[in-house]
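Participant: Sequence:
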Amino acid sequence: MKYGVRKPNIKKSIKARTTGKVKRQVKKAVNPLYGKKGMGIVNDPKKAAYNAVYNRTTVGVSDIAKGLTAANGNPTASSSTNAPQKKEYSANTYSVCGILMIVLGAVLALLGLILLLAVPVAGIIAVVVGVACVVIGRKYRKVAKERRANE
Numbered sequence: 011m012k013y014g015v016r017k018p019n020i021k022k023s024i025k026a027r028t029t030g031k032v033k034r035q036v037k038k039a040v041n042p043l044y045g046k047k048g049m050g051i052v053n054d055p056k057k058a059a060y061n062a063v064y065n066r067t068t069v070g071v072s073d074i075a076k077g078l079t080a081a082n083g084n085p086t087a088s089s090s091t092n093a094p095q096k097k098e099y100s101a102n103t104y105s106v107c108g109i110l111m112i113v114l115g116a117v118l119a120l121l122g123l124i125l126l127l128a129v130p131v132a133g134i135i136a137v138v139v140g141v142a143c144v145v146i147g148r149k150y151r152k153v154a155k156e157r158r159a160n161e
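Just so you know, we're using my numbering here: the sequence shown kicks off at 11 and counts up by one.
Hints are supplied without guarantee of correctness; some may be wrong.
[Unchecked claim] Each computed DMTMM-like pair below joins lysine to aspartate or glutamate, with the alpha-carbon atoms no more than 25 Å apart: (1) K21 to E98; (2) K97 to D73; (3) K149 to E161; (4) K57 to E98; (5) K22 to E98; (6) K38 to D73; (7) K37 to D54; (8) K149 to E98; (9) K12 to E98; (10) K97 to E161.
[As the list claims (entries may be wrong)] Simulated restraints, written as ranges between beta carbons of each label pair: (11) I51 to D73: 54 to 62 Å; (12) V139 to V106: 14 to 22 Å; (13) D73 to E161: 36 to 44 Å.
By construction, these hints were calculated from the structure, which means they are not laboratory data.
The C-beta atom is built at its ideal place from N, Cα and C for all residues, glycine as well.
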């Protein structure tokens, strides 16, 4: 899997921009699911997963250029609109997530103990993941408690 800056390909870039609107309309008329959001995972799950990881781990030259023009003070090319905003969650959300993680961890740990008899490696993995879920759940509960104290 590639990560970092993608190598620019002018030919592919021009081809992507000049593929006709008529061609897309014909495909949509033949296949009603063509162009719908989320259909990639239905049609080819392996490729959809690969593309999701690839698009998050690589950056194009055009993305870098947009960032540079925004840094130079050009108001039309602001990178702040593309940057993900950190969401603030309530104490109740952290509490519910913490409870769910603790329950999930307990179930996985119990399942892991049962699996230890049949498939030891899978059992050990399930127990470790279960314990990790419980630890994360307790951390979420602690965050919820601290947020409630600060309110």
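Participant: Measuring from beta carbon to beta carbon, are D73 and E161 in 36 to 44 Å?
Facilitator: 40 Å Cβ-Cβ, so the 36 to 44 Å window holds.
Participant: Run the distance test for K12 versus E98: straight-line Cα separation, threshold 25 Å.
Facilitator: Violated, at about 32 Å.
Participant: With the threshold set at 25 Å, check whether the alpha-carbon distance from K97 to D73 stays at or below it.
Facilitator: holds (24 Å)
Participant: Do the Cβ positions of I51 and D73 conform to the proposed distance bound of 54 to 62 Å?
Facilitator: violated (24 Å)
Participant: For K97 and E161, compute the direct alpha-carbon distance and say whether it is at most 25 Å.
Facilitator: Within the cut-off at roughly 18 Å; holds.
Participant: CB of V139 to CB of V106, is that within 14 to 22 Å?
Facilitator: holds (20 Å)
Participant: Mind checking the alpha carbons of K38 and D73 for me, to see if they're no more than 25 Å apart?
Facilitator: violated (30 Å)
Participant: Quickly compare the C-alpha distance for K149 and E98 to 25 Å and report which way the hint goes.
Facilitator: holds (16 Å)
Participant: Can the restraint linking K22 and E98 be considered satisfied, given a maximum Cα separation of 25 Å?
Facilitator: Not satisfied, since the Cα-Cα distance of roughly 40 Å exceeds 25 Å.
Participant: Starting from K37, check that the Cα of D54 is at most 25 Å away, please.
Facilitator: The hint holds at about 17 Å.
Participant: Between the alpha carbons of K149 and E161, is the straight-line distance 25 Å or under?
Facilitator: Roughly 19 Å between the alpha carbons, so the hint for K149 and E161 holds.
Participant: Quickly compare the C-alpha distance for K21 and E98 to 25 Å and report which way the hint goes.
Facilitator: violated (43 Å)
In this structure, the earlier hints numbered 1, 4, 5, 6, 9 and 11 are contradicted, and the remaining ones agree with it.
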